[in-house]
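**Student:** Here is how the chains run, residue by residue.
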Amino acid sequence: MHEAAIAQSLIEIIQQEMAKAKATRLLSATVVHGRLTNLVPEALSFAFEAMTMDTPLAGATLHLRQVPLVVRCFGCGEEFTPEDDNLLLMPCPKCGEEFGHTVVTGKELYLETIEAE
Amino acid sequence: MATEIPVVRNILEANDRIADQLRKLFAAHKVFVPNLISSPGAGKTTLLERTLTDLKGELRMAVIEGDVTTDNDARRVAATGAKAVQIETDGGCHLNGSMILEALASLDLSELDILFIENVGNLVCPVEFDLGEDCKVGLLSVTEGDDKPEKYPQLFTVGKAMVLNKVDLLPYVDFDVERATRGARALNPGLEVFSVSCRNGDGLGAWYDWLRAAVAAKKA
Ligand SMILES: Nc1nc2c(ncn2[C@@H]2O[C@H](COP(=O)(O)OP(=O)(O)OP(=O)(O)O)[C@@H](O)[C@H]2O)c(=O)[nH]1
Ligand SMILES: [Mg+2]
Ligand SMILES: [Zn+2]
Numbered sequence: 059m060h061e062a063a064i065a066q067s068l069i070e071i072i073q074q075e076m077a078k079a080k081a082t083r084l085l086s087a088t089v090v091h092g093r094l095t096n097l098v099p100e101a102l103s104f105a106f107e108a109m110t111m112d113t114p115l116a117g118a119t120l121h122l123r124q125v126p127l128v129v130r131c132f133g134c135g136e137e138f139t140p141e142d143d144n145l146l147l148m149p150c151p152k153c154g155e156e157f158g159h160t161v162v163t164g165k166e167l168y169l170e171t172i173e174a175e
Numbered sequence: 194m195a196t197e198i199p200v201v202r203n204i205l206e207a208n209d210r211i212a213d214q215l216r217k218l219f220a221a222h223k224v225f226v227p228n229l230i231s232s233p234g235a236g237k238t239t240l241l242e243r244t245l246t247d248l249k250g251e252l253r254m255a256v257i258e259g260d261v262t263t264d265n266d267a268r269r270v271a272a273t274g275a276k277a278v279q280i281e282t283d284g285g286c287h288l289n290g291s292m293i294l295e296a297l298a299s300l301d302l303s304e305l306d307i308l309f310i311e312n313v314g315n316l317v318c319p320v321e322f323d324l325g326e327d328c329k330v331g332l333l334s335v336t337e338g339d340d341k342p343e344k345y346p347q348l349f350t351v352g353k354a355m356v357l358n359k360v361d362l363l364p365y366v367d368f369d370v371e372r373a374t375r376g377a378r379a380l381n382p383g384l385e386v387f388s389v390s391c392r393n394g395d396g397l398g399a400w401y402d403w404l405r406a407a408v409a410a411k412k413a
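Sequence lines, in order, name chains A and B.
Here the numbering used here runs 58 ahead of the position in the first sequence, where the first position is 1.
Here the numbering used here runs 193 ahead of the position in the second sequence, where the first position is 1.
Hints may be right or wrong, so weigh each one.
Unchecked claim - Calculated pairs, EDC-like style, for lysine to aspartate or glutamate (alpha carbon to alpha carbon, straight line, at most 16 Å):
| id | chain 1 | residue 1 | chain 2 | residue 2 |
| --- | --- | --- | --- | --- |
| 1 | B | Lys344 | A | Glu141 |
| 2 | B | Lys344 | A | Glu75 |
| 3 | A | Lys80 | B | Glu197 |
| 4 | A | Lys165 | B | Asp323 |
| 5 | A | Lys165 | B | Glu321 |
| 6 | A | Lys165 | B | Glu197 |
| 7 | A | Lys78 | B | Glu197 |
| 8 | B | Lys344 | A | Glu175 |
Think of the hints as simulated: they come from the structure by calculation, not from any bench.
Predicted model, so just to flag it, every value in this text is computed and none were measured.
Just chain A, with the same shape it has in the complex (with noise of 0.2 Å):
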């Protein structure tokens, strides 16, 4: 993932927004992002922080939530959580499928909700 474009992008959904509510400081935004992004949240807040300096973004707190990835098995239909550092194996823990799942969470990443004033 490039952690600047996503920065880049973050901050001008902000201003959008800020400017909608009429706030002009940032206190906080809140991210969302599913673990099939890898997103690197030290990436983001460093690249956030960095690009705000100077704006009504500036000093906000950046809220970075991950979404774990959860695949419902073809097999059986159970949904389930592969283990993290095995995303290339992914047997189901109720019948041992390991192909055809379909990804139910994990794709995810949007800006959540922002407090501003």
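Following the hints, position chain B with the ligands against chain A.
**Tutor:** For chain B with the ligands alone, kept in the frame of chain A given last:
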């Protein structure tokens, strides 16, 4: 007074935006870009080795190799004389658009007819990430079971072609080519199916013709 403002807006449509840029780049240079996806060991790298060798001198080809931790595949591909760019995903289970964008820095698109992407061996995650490719090509080896297309609808419904590999092993395994083909086409009637053996070369001619036609279509 501080107020909490619910937003819920997608930040980038992250990958899709980059993929759109990539698609424009590939179109501008008229490069045909297939994205090869399969479970580990189905034969992606072997298919590339054959293709790069057999079509050398006829088509200008390069490969972006996605690998979890090693550069084995990139070295095998480079041994054919084709340019290979290695992306280590560092444990990541798929390639994403920004990785492709970075890899392009070491490739000259204007010198290519085909840019193959070998995705990480995995049948779930790579399907979810658009790389700006022309099409996804699913590989399935006959040792994996003929019910697999019914089982991974995601790949075989979005794919344009399916390569059934290792048909030289058909006498030794219980695999019904007919059933696999029917299963895949049930979800995707236009799907091209190639039964090949990268070991003895069976069926590769049809695959090569398809590549030639795709390149011609891209240039038209
Ligand atoms: N019998 C037979 N073996 C094959 C054929 N094609 C590939 N193989 C063998 O299958 C094994 C895996 O092939 P690779 O090409 O490395 O598979 P891959 O899909 O690139 O694997 P990953 O990159 O690890 O996901 C190798 O030992 C190949 O020699 C074939 O048509 N017939
Ligand atoms: Mg390989
Ligand atoms: Zn199951």
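**Student:** None of the hints should be skipped; say for each whether it holds.
**Tutor:** Results of checking the hints against the structure:
no.	hint	verdict
1	B/Lys344 to A/Glu141	violated, 21 Å
2	B/Lys344 to A/Glu75	violated, 43 Å
3	A/Lys80 to B/Glu197	holds, 13 Å
4	A/Lys165 to B/Asp323	holds, 12 Å
5	A/Lys165 to B/Glu321	holds, 8 Å
6	A/Lys165 to B/Glu197	violated, 25 Å
7	A/Lys78 to B/Glu197	holds, 13 Å
8	B/Lys344 to A/Glu175	violated, 51 Å
In summary, the structure is inconsistent with hints 1, 2, 6 and 8 from the numbered list given earlier, while agreeing with the others.
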